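Trainee: Below, each chain spelled out in residue letters.
Protein chains: 2
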Amino acid sequence: MDTRERILDAATRAMRDLGVARATTKEIAKAADCSEALLYKHFSSKEMLYNAVFRERIPVLKEASARLHANVGKGSLEENLTAYALAAVRLYKDVLPLAGGMFADPMLLDVMRASFASTGSGPHQAVLALARFLRAEQRRGRVLARADPDAAAALLLGACFQRAFFEHLVELPDDADRFAADLVSMLAPALIA
Amino acid sequence: MDTRERILDAATRAMRDLGVARATTKEIAKAADCSEALLYKHFSSKEMLYNAVFRERIPVLKEASARLHANVGKGSLEENLTAYALAAVRLYKDVLPLAGGMFADPMLLDVMRASFASTGSGPHQAVLALARFLRAEQRRGRVLARADPDAAAALLLGACFQRAFFEHLVELPDDADRFAADLVSMLAPALIA
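Respectively, the protein sequence lines represent chains A and B. In this text, residue positions in the first sequence follow this note's numbering: the first is 1, and each later residue adds one. In this text, residue positions in the second sequence follow this note's numbering: the first is 1001, and each later residue adds one.
Derived by calculation from the structure, the hints in this document are not laboratory data. Please read these numbers as outputs of a predicted model, since none were measured by experiment. Check the hints yourself; a few may be wrong.
To be verified - Pulled a few chain B residues facing chain A out of the computed Cβ check, cut under 7 Å:
1) G1101
2) F1103
3) D1105
4) F1166
5) D1182
6) L1183
7) A1190
Unchecked claim - Listing some non-contacts, in silico: residues in chain B with all C-beta distances to chain A over 12 Å:
8) M1001
9) S1035
10) E1036
11) A1037
12) E1056
13) N1071
14) V1072
The beta carbon of each residue, even a glycine, is placed where N, CA and C say it ideally should be.
With these hints in hand, go ahead and build the complete structure from the sequences.
Mentor: If you want it as C-alpha cells, here you go:
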C-alpha cells in the first residue's frame, strides 16, 4: 500500500477512535509508519488531510441509492423505500462521528465547504438522488402525481439522519427497522399510488 | 454576574468562534477574567464545562414548541406546522456548530450521553413534543385518525435538522420558508384532516 493510502487509513482510524478534536498529525504519522514531514508532503495541512478522508474514506449512500434505482418500477415501492431508509439510518450512524466532528473546527468546515462547492458534491446529493428515484417512479405512475419528490425525499432522509444523531446521544429501542417502516407507512398515503 | 455564569458565557463564545476542538480551558478562563484553577473549581473537567454549556446556554426548541401547543385547535394547522418547521430549521442551524462539535470528542460525547440519560432529557424530546401536539390535534379531529403522530413528527423535524446541516456545508438557495411550507404540503394529505 502506498504512503498516501496508509496515511488516509491511519487518519480515518484516529478520527473515529480519538475524535477529530484529539487526533493529531503526529499520531497519525506514527500510526502510518511515516514521518510528519512525509505526511505534510502528501497533505498540505491537517484540514486537507481530513478533507481527503471525508472524500475518499467515508462510506456514502451511493450503494443503497444504486440498489434503489435498480428497482425503479419493480417490486413493492413501500418495501424498496423502507429498505433504503433502514440503510440510511445505519450509514448515517456510522458516518456521524466523523461528519459531526467537522463542526468542531471552523477551519476544517471552511475547507470542506470549499471542496464541496468546487466539485458540486456534498451530503445533499443523497436527497437529490432519492428525489430523482421518486420522479422516475412518478413517471411510471407508481408515485402520486400530486406528490412533491423533493419534499418527500427531504422528509424521509431527514428523519433517518436525525434518528442516527439521536442514537448516538440517547438510549433508544433497537428498532430502526420498525422506525424505517413507520416513516414510509406514514408518508405512503401522500406519496404512493 | 457571578463567576460560573461568566465562565459559561466565555465557553459558549469560544466553542462557537474557535470550535469545540480549538477552545481551551486556558483561553476560556482568560476570556472570563478568572484563573484556570478557579474555572476547575466550578467545573471538574473541560467535558463537564461543555456539558453545562449544552444544558444551560444552548437555545432549544421549547419556545417554538410552546407556541405550537398554545395553538392546539386554533387557526390553520398547516400554517402552524409551517411556522414551527421554519423555526426548527433556524434553531438547528444556530445550534449545529456546537452540537456537531460533541462528535469530535468521544469523551465529551460520553459525558453528554450520561447527562441526558440521568435526567431523561435530550434532543429527541423535541420530536416527542411535536408528536404530543399532533396527538392533541388528532383528538380534536384536525389530524387524520390513520396518521402516526410519532412518524409524522420524525419526518418533519428530521427534514428541518438535515436541512440545517446542509446549510452549513453547501450553498443552498435562501428559501428555508418555502422549504418548510413544501414539507408540510407534502405531508398534508397523509396528516391533516
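Trainee: Does each hint fit the structure? Answer for all of them.
Mentor: Quick rundown of the hints versus the structure:
no., hint, verdict
1, G1101, "holds, 4 Å"
2, F1103, "holds, 3 Å"
3, D1105, "holds, 4 Å"
4, F1166, "holds, 5 Å"
5, D1182, "holds, 4 Å"
6, L1183, "holds, 5 Å"
7, A1190, "holds, 4 Å"
8, M1001, "holds, 27 Å"
9, S1035, "holds, 24 Å"
10, E1036, "holds, 19 Å"
11, A1037, "holds, 23 Å"
12, E1056, "holds, 17 Å"
13, N1071, "holds, 22 Å"
14, V1072, "holds, 20 Å"
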